[in-house]
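Respectively, the protein sequence lines represent chains A and B. Under the working numbering, the first residue of the first sequence is numbered 1, with each subsequent residue one higher. Under the working numbering, the first residue of the second sequence is numbered 1001, with each subsequent residue one higher.
These are computed hints drawn from the structure, not numbers from a lab. Misleading hints may appear alongside valid ones.
[As the list claims (entries may be wrong)] Cross-link-like lysine to aspartate or glutamate pairs, in silico, DMTMM-like; alpha carbons within 25 Å at most:
| # | chain 1 | residue 1 | chain 2 | residue 2 |
| --- | --- | --- | --- | --- |
| 1 | B | K1250 | A | E184 |
| 2 | A | K316 | B | D1207 |
| 3 | A | K312 | B | D1207 |
| 4 | B | K1203 | A | E310 |
| 5 | B | K1128 | A | D77 |
| 6 | B | K1217 | B | D1164 |
| 7 | A | K307 | B | D1207 |
| 8 | A | K308 | B | D1207 |
| 9 | A | K275 | A | D225 |
| 10 | B | K1197 | B | E1208 |
| 11 | A | K308 | B | D1142 |
| 12 | B | K1156 | A | E293 |
In case you want the letters, here they are:
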Amino acid sequence: MSEKEIKNLEEIFEQRIARDEKIEPKDWMPEKYRKTHIRQISQHAHSEIVGMLPEGNWITRAPSLRRKVALLAKVQDEAGHGLYLYSACETLGISRDELYDQLHTGKAKYSSIFNYPTITWADIGAIGWLVDGAAIINQVPLCNTSYGPYARAMIRVCKEESFHQRQGYEIIMTLAKGTPEQKEMAQDALNRWWWPSLMMLGPTDAESVHTAQSMKWKLKRKTNDELRQQFIDQTVPQADLIGLTIPDPDLKWNEETGHYDFGEIDWDEFWQVVKGHGPCNKERMSARVNAWEEGEWVRDAAMAYAKKQEGKKLKKAI
Amino acid sequence: MKNENLIQYIYGIADNVLILGQRLSELCGHGPNLETDIACTNIALDLLGQTRSYYQYAAQLSGEGKTEDDIAFLRNERQYKNVLLVEQPNRHFGYVITRQFLFDAFHLLLLEELQNSKDDTLVAIAKKGIKEVSYHQRFSSDWIKRLGDGTQESHKKVQEALDDLWRFTNELFLMTEDDKIALENGVGVNVLTLQEKYNQRIKEVLDEATLTIPETKYFQKGGKQGIHSEHMGYLLSDLQYMQRTYPNMKW
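In isolation and in its complexed conformation, chain A is listed as follows (with noise of 0.2 Å):
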């Protein structure tokens, strides 16, 4: 193709985009917007996988059996995510296996929340409260992303995690409400995922690399600022609901403005923890690849099984 026809297509593609027409898999499309988009479906893919682990360490011991089963339907859930998002990424011509493979060399990132350990029970209803919350912020404006099945996929992920950000406060809530060694733990836990939520939006707009190309195709409708100041805003009024304090002694509500002030972020920490070096970062790796590598023979097994299968029909069938 001529350089005049690939700018000529190009515009047509930069049009349709202006147009909110939706980008299906067979349609043109710049190497660029291909290769970014592969880049966030997956990682963001990758993040529920990685997010099933710091989860399903309190699965066995869930309080009740109720609770119990909730957060195994919970994880179940950010598997069926991750199950789609891995499709909808595979439409952008990548494998499944490659982008395991991304991921297991740690060339794909993935949400650096993850990497904190839930060290009590109160941890599943904050990150259901929080870290929930901050997703479905992030994610909400994605279900009319440029891309197609990236837009569908996530109409349905964030009906689920709506759900799952309200079972994850009505935890906490049951907590501040309870005994005063729950109502700690629920503390605790804020004070412990209040920052690291916040560093969930992303670096701020001055920092942020891909914003300004993200914005142009609509894979991001509001910059990693706004994104936040809403999270604050929404979020404050909650913990005030059930007696719990925002741990940022900087806090405060600001009539001009009509949002909250808050404190310093420690953008230290969040790099810290992108580059791999957070509290459980090398465990939730090695979790994913143990459990890949462990998993292999029973894949080759099933394959194996499919294809014999496949033979003895055809013999049939002559």
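Starting from the known structure of chain A, fit chain B onto it as the hints suggest.
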């Protein structure tokens, strides 16, 4: 039939599904691929759902303001009446599937008979359970075939699991005193009559999977009397951790 006997009879069925559900839930997030991870979690969810129905009924029978959670979390090891098979650890996926397969075949036969009980609640639980367990049996049988007739390595691994776990199958068909009382009262199932069908079903699938039942002279038993393997204590320490550490709280 005295409530106490009925409660014990219910534990004899329900503890199996609780403990197997607990074992399966350990795997969530660690499966060989996403599809099997989701499927195993589904089975765990079914089993824990069934557990709740049984325990809610037992709690109601015992009166005393007991709840399903008191029964699930606050008994001592000797009071759990599950068979040894279901508490065996997840050594590898071959063990997980073989344990499931050996239990599912029994579980389905049991529920099919339990449908004829004089106890309406147990009938209702059985009817709902049959739909779920039919799926479990299909899933585990399919995987037994895949692993047995897959690669040399998978054949070896799943045969190894079968050789190890087969010795726990006989216990499924032993009648406890409470089983006998429940049977006399038209409430319980005569598990003795299920063994032949069970062996038939198992053999059918194993033949197709090119696997063989090991020659076993000595079978293990004890779970139904609350005498468990050494694995059980660790399983319970996880299961009961919160309720034991923070007694009398609502979650």
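Earlier hints that do not hold, by number: none
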